[in-house]
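Participant: Chains Y and F are the protein sequences, given in the same order. The first sequence maps to residues 1 to 263 in my numbering. The second sequence maps to residues 1 to 192 in my numbering.
Where hints are given, some of them may not hold.
[What the hints assert, rightly or not] Heads up, incomplete: computed chain F residues facing chain Y, CB under 10 Å, no partners named:
1. 22
2. 69
3. 70
4. 71
5. 73
6. 77
7. 78
8. 103
9. 107
10. 125
11. 127
Hints in this document: simulated from the structure, not taken from any laboratory. We put the CB at the ideal spot given by N, CA and C, even for glycine.
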Amino acid sequence: MVAPVVYFQWALFALLFLSQAALVAIFLARKSWRAYPAFFSYILLNLVQGGALFAIYRSRGFSSDLAQYFGWASQGAIILARALAIAELCRHLLARYSGIWALTKRLIFVCGVALALYSVFAAGRRWDTGVLKADRGLELTIIVVIVVLFLCARNYGIAASPIIHALALGFCLNSAFWVLNDAILEQKFAPYDALWNILNALTYLATLLLWIWTFRNPLPDAEVDPTLLPRDVYRVMAPEVNVRLRLLNESLSKLYKAEARRS
Amino acid sequence: MSLFLLSIFFLVALLLGVFLLSSRHSWRLSRLPGDPVAFEECELHHATHLPQIRQALSETDNEFLTKRGSSVLRRRVHRERRGVVLGYLRELRRDFEKQLQIARIIAALSPEVTAVQEWERLRLTLKFIWQYEIIRMQLQAGLAPLPRLSGLANIVSGLSVRMENAIKELGERAAMATELASALDRGGVDHI
């Protein structure tokens, strides 16, 4: 007698497979893969992984060793593809502003490397919990990278297009749920074990639906790159503005101290 | 629930919150950097009101009221002047923000940006906001007497004049850069 939860899992995986196939079809029909090749590769890889897992589950069972090993091993390739897709997202948002992009790239690199190193150290040498911890750390890295990217964009008043926003939101939500799920699973809550896969699949399904909705229309024409200023403008103006802002701050500071003395 | 789980939940919620706030802000921005209207709106306005503010804060007025006026009148004048100073502080902050906006536009449209300058501006901005809020709260609570703001205003006005000159120069340079780019698109630079 097959438990109802197993039927639910099958239905969910079928739905995931169909959603991914739909997204790939939309990308091919709209030729959106030209603008977002890394993201397209990520979805395609997920589709292939899903198909392979489906075949393994049917032939060897859901809890077989092969399913476990293939699932985790292919996850490495998926994470790499996702990293490339996120790099593409960053480029789409900021690459037109070369100065800001150069600065943000360094910031993201430092944050990314620091968190990735933390993930490796946190993983330790145990296979069973190590993968889980490394996965959690890497998902956290993805969220931090996206947050840093959008903070930089916000700081310079650079607006994200709805497509970039939807992509980032999807990646962020997906990674956030992975982090939470990994953390809960790591605590070895026995009843949660069965739910873990379902919750991750549901999260990914929601993300896929968001992306399908976003990419349902043809992509708008590429935006024209802004005309950049001559190099010396920034070199002259940036220190000038900072000196003035510092003076303004010092005056406020004196004002504050004077008021503190008087009162 | 363990402390570990709680901290993970908190961290994830915090990161998502920051993401939503920052993305919502950038989503709502209707103007991209480089929009000439944004440059035009960065003129400073507070400097034109400086003589009135000086008058409102003059010690002689205060002394006169102390000698001749009633205590009720003095209190009322003091309260109104506090309102004027608060309004003036708000304008100063607006001017500060406008300068920051110009600086951001310049940074966004520059092919090279140095981390030192950007961090310095961020630090100065945070410091300004902190001090501004403290002074404002003190004034609102009536804890501080009316401050002398002329020195402060002179600094912003000085900045204004130099920035306006710089913006004019920027506009000319940007126009030249656009002309050059369009000439290159047409297949060659126009010879004069």
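Participant: Tell me if the interface restraint on residue 71 of chain F is satisfied: Cβ within less than 10 Å of some Cβ in chain Y.
Facilitator: This hint is violated: residue 71 of chain F lies away from chain Y, its Cβ roughly 20 Å from the closest one there, beyond 10 Å.
Participant: Is the hint on residue 125 of chain F kept, meaning its closest Cβ partner in chain Y is under 10 Å away?
Facilitator: It holds, given that the least Cβ distance between residue 125 of chain F and chain Y is near 7 Å, below 10 Å.
Participant: Hint check: is the beta carbon of residue 127 of chain F less than 10 Å from a beta carbon of chain Y?
Facilitator: 5 Å, holds
Participant: Under 10 Å, Cβ to Cβ, is where residue 107 of chain F needs to be relative to chain Y, so tell me if that hint holds or is violated.
Facilitator: Since the shortest Cβ distance to chain Y is 6 Å, the answer is holds.
Participant: Tell me if residue 77 of chain F is really an interface residue toward chain Y, meaning its C-beta lies closer than 10 Å to one of theirs.
Facilitator: 19 Å, violated
Participant: Is the interface hint satisfied for residue 103 of chain F? The criterion is a beta-carbon contact with chain Y at less than 10 Å.
Facilitator: Holds - the Cβ of residue 103 of chain F comes within 10 Å of chain Y, reaching about 4 Å at its closest.
Participant: Given a cut of 10 Å on the nearest C-beta pair, is the interface hint for residue 69 of chain F held or broken against chain Y?
Facilitator: 22 Å, violated
Participant: For the hint on residue 73 of chain F, just tell me whether its beta-carbon gets within less than 10 Å of chain Y.
Facilitator: 23 Å, violated
Participant: Checking hints one by one. Is residue 70 of chain F an interface residue toward chain Y, by the C-beta closer than 10 Å rule?
Facilitator: 24 Å, violated
Participant: Verify the interface restraint on residue 78 of chain F: the C-beta must sit less than 10 Å from at least one C-beta of chain Y.
Facilitator: 14 Å, violated
Participant: Does the nearest C-beta of chain Y fall within a distance shorter than 10 Å of the C-beta of residue 22 of chain F?
Facilitator: Cβ of residue 22 of chain F sits 4 Å from chain Y, so the hint holds.
Hints 2, 3, 4, 5, 6 and 7 from the list above are not met by this structure, while the remaining hints are.
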